[in-house]
Amino acid sequence: MDAPAISRIVPLLEYLDLAGIAVFALSGAVLAAVKRQTLVTFIFFAITTAVGGGTVRDVLIRAPVFWLHDNSTILMCVAAALAVWFTPASLWKGRTLLWLDAVGLAAYATYGAAKALAFGVAPLPALGLGVLTACVGGIVRDLLAGETTILMRPELYVTAAALSAALMVGLLALGLAAPVAGALAALVGFLLRGAAIWRGWRLPGYRR
Amino acid sequence: MDAPAISRIVPLLEYLDLAGIAVFALSGAVLAAVKRQTLVTFIFFAITTAVGGGTVRDVLIRAPVFWLHDNSTILMCVAAALAVWFTPASLWKGRTLLWLDAVGLAAYATYGAAKALAFGVAPLPALGLGVLTACVGGIVRDLLAGETTILMRPELYVTAAALSAALMVGLLALGLAAPVAGALAALVGFLLRGAAIWRGWRLPGYRR
Amino acid sequence: MDAPAISRIVPLLEYLDLAGIAVFALSGAVLAAVKRQTLVTFIFFAITTAVGGGTVRDVLIRAPVFWLHDNSTILMCVAAALAVWFTPASLWKGRTLLWLDAVGLAAYATYGAAKALAFGVAPLPALGLGVLTACVGGIVRDLLAGETTILMRPELYVTAAALSAALMVGLLALGLAAPVAGALAALVGFLLRGAAIWRGWRLPGYRR
Numbered sequence: 010m011d012a013p014a015i016s017r018i019v020p021l022l023e024y025l026d027l028a029g030i031a032v033f034a035l036s037g038a039v040l041a042a043v044k045r046q047t048l049v050t051f052i053f054f055a056i057t058t059a060v061g062g063g064t065v066r067d068v069l070i071r072a073p074v075f076w077l078h079d080n081s082t083i084l085m086c087v088a089a090a091l092a093v094w095f096t097p098a099s100l101w102k103g104r105t106l107l108w109l110d111a112v113g114l115a116a117y118a119t120y121g122a123a124k125a126l127a128f129g130v131a132p133l134p135a136l137g138l139g140v141l142t143a144c145v146g147g148i149v150r151d152l153l154a155g156e157t158t159i160l161m162r163p164e165l166y167v168t169a170a171a172l173s174a175a176l177m178v179g180l181l182a183l184g185l186a187a188p189v190a191g192a193l194a195a196l197v198g199f200l201l202r203g204a205a206i207w208r209g210w211r212l213p214g215y216r217r
Numbered sequence: 010m011d012a013p014a015i016s017r018i019v020p021l022l023e024y025l026d027l028a029g030i031a032v033f034a035l036s037g038a039v040l041a042a043v044k045r046q047t048l049v050t051f052i053f054f055a056i057t058t059a060v061g062g063g064t065v066r067d068v069l070i071r072a073p074v075f076w077l078h079d080n081s082t083i084l085m086c087v088a089a090a091l092a093v094w095f096t097p098a099s100l101w102k103g104r105t106l107l108w109l110d111a112v113g114l115a116a117y118a119t120y121g122a123a124k125a126l127a128f129g130v131a132p133l134p135a136l137g138l139g140v141l142t143a144c145v146g147g148i149v150r151d152l153l154a155g156e157t158t159i160l161m162r163p164e165l166y167v168t169a170a171a172l173s174a175a176l177m178v179g180l181l182a183l184g185l186a187a188p189v190a191g192a193l194a195a196l197v198g199f200l201l202r203g204a205a206i207w208r209g210w211r212l213p214g215y216r217r
Numbered sequence: 010m011d012a013p014a015i016s017r018i019v020p021l022l023e024y025l026d027l028a029g030i031a032v033f034a035l036s037g038a039v040l041a042a043v044k045r046q047t048l049v050t051f052i053f054f055a056i057t058t059a060v061g062g063g064t065v066r067d068v069l070i071r072a073p074v075f076w077l078h079d080n081s082t083i084l085m086c087v088a089a090a091l092a093v094w095f096t097p098a099s100l101w102k103g104r105t106l107l108w109l110d111a112v113g114l115a116a117y118a119t120y121g122a123a124k125a126l127a128f129g130v131a132p133l134p135a136l137g138l139g140v141l142t143a144c145v146g147g148i149v150r151d152l153l154a155g156e157t158t159i160l161m162r163p164e165l166y167v168t169a170a171a172l173s174a175a176l177m178v179g180l181l182a183l184g185l186a187a188p189v190a191g192a193l194a195a196l197v198g199f200l201l202r203g204a205a206i207w208r209g210w211r212l213p214g215y216r217r
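Protein chains in written order, with the working numbering: chain A, 10 to 217; chain B, 10 to 217; chain C, 10 to 217.
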């Protein structure tokens, strides 16, 4: 598929971008709650977690940074922070953070790879960019809070992002319609990450 | 106010940029001193702390990165590092780091928001960009040194940056002259952060 | 030397870029091995460590990001990760990580300074950009793995990068042929860092 064809596809996938923003914003706010921060810090964490991945992607592919030219992304992040602040804490307890992060991971890996292709990036770097941008939100969130980054957890994490991004690059190359390819790639990556959270699936670690 | 009008305003605010560079450079060098580093590391910390915030801002708004096209910013940072290295340590003890950081925070939040507006960024993201860029210098400094980031301290920090940035966006929208708006916005944010340092002012943390 | 003359020079120095990619990729994979990570995390660490420095450099000087437009850089990083995964661990034990990092440091400091000059950056910021980009790979690698950054080690580190970058800026200004200047600058910086690793050379730390 040629580049103009791919670039017409990206608007069809905006639901993945919105899903990534919403759930990463929530996950940032939830971590701020765990850390007993103030409402302002909730908002700060929500924004940086939600826009971190997409911002790095846009800077690297030289696209206009997606959240700068209208107020809607910031408003979504503020809404997410308020939601976590005002609703009962029991909603956000336990593994909620991991599941929100899993949705964001799969959505951003898929959308990131597609947007990179649309801006003329070669297939393997597009896959890499999908992974990198899916992981940046969680990494920034964890570094700011002084947590060990989620990358180092034993269960499958980077692998799930790589699966979504690779499927997206592959399915588009096979000529699948973008909304179908996007939904499929995001779903499969999410299921793999979900199995990792639920069942503790993991790849073998290095042992020598 | 239209974008060209705003862009004529930015040069009038360069004193805020210079203040941010100088005090963040000093604060980076002071942390290097606390960590018993070498003179070269003093310079490295001074530069990364001083230019970190403005660099992220310029990359995101697609402006030429402000410190690359002449030697003066680097020379200021080297001078700051030498100043901390050669003067009596008693000058830099205690809460000096916090106060320097407070000046840089207010100056960069104000200038960052104004420069973002001048490059066509919408009001809420411009506010966010003021906050983000004011905080990046301190975050990078603390991460490099292996310290908990200043963001997580209980007293008002992000809030003070947000106040300066919001005032700047608001006062310019109301038509105030840029130097007046800039001085006012930076002063009020600094006073709030100062009260947080001096009196321990804080917002309520999350408790559920 | 004028800017077009310098920009013709950069292709002559690509061996430094390739050396930086290869050894930083290996060093990222070796740290993943030390941390008992999975093969996917090996690849992730190899890529981020190898491309981190050059990516920051390219974004700041507004060059196209060097690894996005063909598949070769990613393939090199995958090969490095596989090499560390499948070969005997004894090859990578002890100080291997430090020596690989030393080669990458000198190569990237030299190439980074030259590429910055070629894109019109002033001499002192070009020196700074050489240092910054040489150090970013190692910093990202260490932050991701939750290690104290290599910057804070007592032996000469930033200093060696600064020496390579300063020599490169100086020798090109004196009119030396690029491949000669590049080889010389990288070699001298590597020898200084090597002496720091082997003999424990260090600058005096701050003591007051």
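No wet-lab data here; the hints were simulated from the structure.
Glycine included, C-beta positions come from ideal geometry on N, C-alpha and C.
Hints may contain errors.
Pulled a few chain B residues facing chain A out of the computed Cβ check, cut under 10 angstroms [claimed, not checked]:
| hint | residue |
| --- | --- |
| 1 | V19 |
| 2 | L136 |
| 3 | L160 |
| 4 | P163 |
Hint by hint, here is what the structure shows:
1. V19: Result: violated, 17 angstroms to nearest chain A Cβ.
2. L136: Since chain A brings a Cβ to about 8 angstroms from L136(B), closer than 10 angstroms, the hint holds.
3. L160: Hint on L160(B): holds, closest Cβ of chain A at ~6 angstroms, below 10 angstroms.
4. P163: This hint holds: P163(B) lies near chain A, its Cβ roughly 8 angstroms from the closest one there, short of 10 angstroms.
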